[in-house]
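Asker: In the order they appear, the protein sequences are chains P and D. The letter at position 248 of the first sequence is residue 248 when you use the working numbering, and the numbering goes up by one with no holes. The letter at position 25 of the second sequence is residue 25 when you use the working numbering, and the numbering goes up by one with no holes.
Warning: the hint list may mix true and false statements.
With a straight-line cut-off of 27 Å between C-alpha atoms, the simulated BS3-like cross-links for lysine-lysine are [claimed, not checked]:
id	chain 1	residue 1	chain 2	residue 2
1	P	K45	P	K215
2	P	K409	D	K82
3	P	K342	P	K45
4	P	K390	D	K16
If we take Cβ atoms under 8 Å as the criterion, some of the chain D residues that face chain P in the derived model are [unchecked claim]:
id	residue
5	I54
6	Y55
7	P60
8	F65
9	G166
10	P168
11	E204
12	A205
13	E207
14	P255
15	L256
What the hints contain is simulated information worked out from the structure, not anything from laboratory work. Don't be surprised by glycine CBs; every beta carbon is placed ideally from N, CA and C.
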Amino acid sequence: MRALLCLLLLTACHRGSGDDRTTVRFWAFGREGEVVRELVPEFEKRHPEIRVEVQQIPWTAAHEKLITAFVGDALPDAAQLGNTWVPEFVALGALAPLDERIAGTAGRGDSFAGIWDTNVVDGATWGVPWYVDTRLLFYRTDLVAATGLPWPPKSWAAWREVMQRIKEQGGPGHFAILLPVDEWTQPVIFGLQTNAPLLADGGRRGAFRDPRFRKAMAFYLDLYASGLAPSLDLQGVANLYQQLSEGYFAMVITGPWNLGEFRNRLPPEMQDRWATAPLPPPEEGMPHPGISLAGGASLVLFKQSRSPEAAWTWLEYLSEPAQQARFYALSGDLPARRSAWKIAGLADDPKAAPFLTQLGQVAPTPKVPEWEQIATRIAECAEQVMRGGKDLDAALADLDADVDRMLEKRRWMLDRAAQPQRTAEARR
Amino acid sequence: MSAEADAPPAVPTGLKSERRAAWVLLTPALGAIAIFFALPLIAALLLSLTDFDIYALADPRNARFVGADNYLHLLRDPLFWKVMRNTLVFVVLGVPLTLLVALGGALLVNSRLARMRGLFRTVFFAPVVTTIVAVAVVFRYLYHPRYGMINQMLGLLGLPAIDWLGDPAWATAAITLLAVWRSFGYALVIYVVGLQAIPQPLYEAAELDGAGAWGMLRHITLPLLGPTTRFVTVLTTVSLFQIFAEPYVMTRGGPLYATTSITLLMYQQGFRWWNLGSAAAIAFVLFALIIAATGLQELLRRRWKT
Numbered sequence: 001m002r003a004l005l006c007l008l009l010l011t012a013c014h015r016g017s018g019d020d021r022t023t024v025r026f027w028a029f030g031r032e033g034e035v036v037r038e039l040v041p042e043f044e045k046r047h048p049e050i051r052v053e054v055q056q057i058p059w060t061a062a063h064e065k066l067i068t069a070f071v072g073d074a075l076p077d078a079a080q081l082g083n084t085w086v087p088e089f090v091a092l093g094a095l096a097p098l099d100e101r102i103a104g105t106a107g108r109g110d111s112f113a114g115i116w117d118t119n120v121v122d123g124a125t126w127g128v129p130w131y132v133d134t135r136l137l138f139y140r141t142d143l144v145a146a147t148g149l150p151w152p153p154k155s156w157a158a159w160r161e162v163m164q165r166i167k168e169q170g171g172p173g174h175f176a177i178l179l180p181v182d183e184w185t186q187p188v189i190f191g192l193q194t195n196a197p198l199l200a201d202g203g204r205r206g207a208f209r210d211p212r213f214r215k216a217m218a219f220y221l222d223l224y225a226s227g228l229a230p231s232l233d234l235q236g237v238a239n240l241y242q243q244l245s246e247g248y249f250a251m252v253i254t255g256p257w258n259l260g261e262f263r264n265r266l267p268p269e270m271q272d273r274w275a276t277a278p279l280p281p282p283e284e285g286m287p288h289p290g291i292s293l294a295g296g297a298s299l300v301l302f303k304q305s306r307s308p309e310a311a312w313t314w315l316e317y318l319s320e321p322a323q324q325a326r327f328y329a330l331s332g333d334l335p336a337r338r339s340a341w342k343i344a345g346l347a348d349d350p351k352a353a354p355f356l357t358q359l360g361q362v363a364p365t366p367k368v369p370e371w372e373q374i375a376t377r378i379a380e381c382a383e384q385v386m387r388g389g390k391d392l393d394a395a396l397a398d399l400d401a402d403v404d405r406m407l408e409k410r411r412w413m414l415d416r417a418a419q420p421q422r423t424a425e426a427r428r
Numbered sequence: 001m002s003a004e005a006d007a008p009p010a011v012p013t014g015l016k017s018e019r020r021a022a023w024v025l026l027t028p029a030l031g032a033i034a035i036f037f038a039l040p041l042i043a044a045l046l047l048s049l050t051d052f053d054i055y056a057l058a059d060p061r062n063a064r065f066v067g068a069d070n071y072l073h074l075l076r077d078p079l080f081w082k083v084m085r086n087t088l089v090f091v092v093l094g095v096p097l098t099l100l101v102a103l104g105g106a107l108l109v110n111s112r113l114a115r116m117r118g119l120f121r122t123v124f125f126a127p128v129v130t131t132i133v134a135v136a137v138v139f140r141y142l143y144h145p146r147y148g149m150i151n152q153m154l155g156l157l158g159l160p161a162i163d164w165l166g167d168p169a170w171a172t173a174a175i176t177l178l179a180v181w182r183s184f185g186y187a188l189v190i191y192v193v194g195l196q197a198i199p200q201p202l203y204e205a206a207e208l209d210g211a212g213a214w215g216m217l218r219h220i221t222l223p224l225l226g227p228t229t230r231f232v233t234v235l236t237t238v239s240l241f242q243i244f245a246e247p248y249v250m251t252r253g254g255p256l257y258a259t260t261s262i263t264l265l266m267y268q269q270g271f272r273w274w275n276l277g278s279a280a281a282i283a284f285v286l287f288a289l290i291i292a293a294t295g296l297q298e299l300l301r302r303r304w305k306t
């Protein structure tokens, strides 16, 4: 009875004060969706006319949910979007361009160029970076120091030498580096480092037979062939942290979420025996560090939004350096704006600082909606050579053929768009 | 019902109105079937004739009618044949294994000599009702190349370790074993019912005639379990043709597609890459395959009988 009364009172209050506020519906994924709620009260205090409704969606369901919501006309006003998904949602016509809104703000100059670039598709900007993600080396300082070789390495060859030495000193059953076989990120990073174009003709065809990509793939596969990396896939890695502590491997290429995980999961005696380092470039003399992936999540505004102005105000608030620093404290996600790194004290953290260096050298993956499918196929191609014993050149030729087929629809769409008269005719 | 439908046209008026009444009563059910079964089926068939994809989701005018291209492409795609082969391996290995294990288990829990039959029935049925995700966690550890219990036991026997889920040659077998472990309990329950339906006097008579346990099994139990076996075979075949959860949670179809089943391929095409046209085509191929397989079983049974 009392509960009912309370409920009645609450609804009465709600009707009294809140109903004329503009509601912003915001979707965020996984852990981010949980902690972003804590940024809402201050925003609502600053903007009493806006109410923010955060919906949390698990990462595994996020992509599917967004697409079904798009089809069902049920998208929110704004959302977080993995920045590799941006091209796909641009192709769907689901996003609102942000160039005019961004024009007066400091966001662009304060962001990492490679990360910002992931949001630019067909000359327009469709998102603003929220947090960033890139891959670099996490390694055991003691095992690397024991080799007596210069560190961090200045080229692939020098890096490989360190790995070789670690393997020799570790003996059988020990490896130098962990590279999960089914991850596309590693071969793609090496490809970006050799400046391989990956796709040709504006994303119309695959360009994996390019000698630069072949070189990257050969380097990557040789790490398995010469026993420096175990041929495990992601599922086979039972406990990364335990295996690193045991010295089963000495390095792993992974992302910023592991900064927190390493601190929590490695035993205390390991804490001063691990560090991070930016990736080496292929050749000495090439810009250091070598390129890595421009990952992370962007904030986007949907075209169907009923209150784009209020939603943009919310997104601008989330992009403020002070909020980004708070968000880092809550989630451990690295801020997208350089000034937030200073506020959060990240630039002085010796284990996070290499990320700052690496983020100055990141590049986006090709911006075509089919990218995820292509990336999966790249990992398969590597696996075919590594586990299936296929010839590398044959595997790359097959990869190109398959990618060309995946891009067939895109070619047709681009060709059709290139003939404006016929398109107009078709539209009538 | 069928007698009425087959009746000659010159029927008394009473029957005619009865037939009308039958139609009226059937309409809601038929309507539901039409809306929830026939309509989606036709829609899916039409979908399988287009290249409906992410671009078409944006604007339906971006979908092209491609005729039988999706099907032709499937037939030319080595991946499709690989996946077909995997699925057939799942079926060919899995069905007899399930039948054997289920029958063995059923004989055990039904035997008068066995103790704690209730407990065993529960134990054998438990995998059927356990969540696949929990099962996957445990099995992934059992199969783990370094820490797994299975490899440790092989090691005790002096056999080399096997990378159960990482080696394409073993992964299919590993997943089949899991699928059999997970589903034999269901077949077992059906077998128990079948066994209990066999009249006891038959065994008593056989015993008087001096038949041993083996003779009774061969000449009484197995023949009388014929219909049960047929039912269980069809059920297991259909469910193994549609195997999805086991490879999805254990290996995501890897390594090298060694454990990708037709349904998993369909899921990937449809909901990972949003190639809904080709996913629909795969669905129809699977549909045809299951019909063909059950038809073949029926045919074999009739051959066998005469």
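Asker: For each hint, tell me whether it holds in the structure or not.
Answerer: Going through the hints against the structure:
Proximity of K45 of chain P to K215 of chain P is assessed by CA-CA distance (about 56 Å); at most 27 Å being required, the pair is judged violated. Proximity of K409 of chain P to K82 of chain D is assessed by CA-CA distance (about 25 Å); at most 27 Å being required, the pair is judged to hold. For the suggested pair K342 of chain P and K45 of chain P, the alpha carbons sit about 26 Å apart, so the restraint of at most 27 Å is met. For the suggested pair K390 of chain P and K16 of chain D, the alpha carbons sit about 71 Å apart, so the restraint of at most 27 Å is broken.
For I54 of chain D, the suggested interface contact is upheld, since its CB lies about 6 Å from the closest CB of chain P, less than 8 Å. Hint status for Y55 of chain D relative to chain P: holds, with the closest Cβ pair at about 6 Å, below 8 Å. Given hint, P60 of chain D at the interface with chain P, is violated; its Cβ is 11 Å from that chain's nearest Cβ, farther than 8 Å. Contact between F65 of chain D and chain P, as hinted, is not supported at the beta carbon level, the nearest pair being about 13 Å apart and thus beyond 8 Å.
Given the 8 Å rule on beta carbons, the hint for G166 of chain D holds: about 5 Å separates it from the nearest Cβ of chain P. Residue-level restraint check for P168 of chain D holds (minimum Cβ-Cβ distance to chain P is 7 Å; threshold 8 Å). With its C-beta approaching chain P no nearer than about 55 Å, E204 of chain D sits outside the 8 Å limit, and its interface hint is violated. With a cut of 8 Å, the hint placing A205 of chain D at the interface with chain P is violated, because the nearest CB-to-CB distance is about 56 Å.
Hint on E207 of chain D is violated. Least Cβ distance to chain P is approximately 53 Å, over the 8 Å limit. Nearest Cβ of chain P to the Cβ of P255 of chain D: about 6 Å, under the 8 Å cut. The hint holds. Given the 8 Å rule on beta carbons, the hint for L256 of chain D holds: about 6 Å separates it from the nearest Cβ of chain P.
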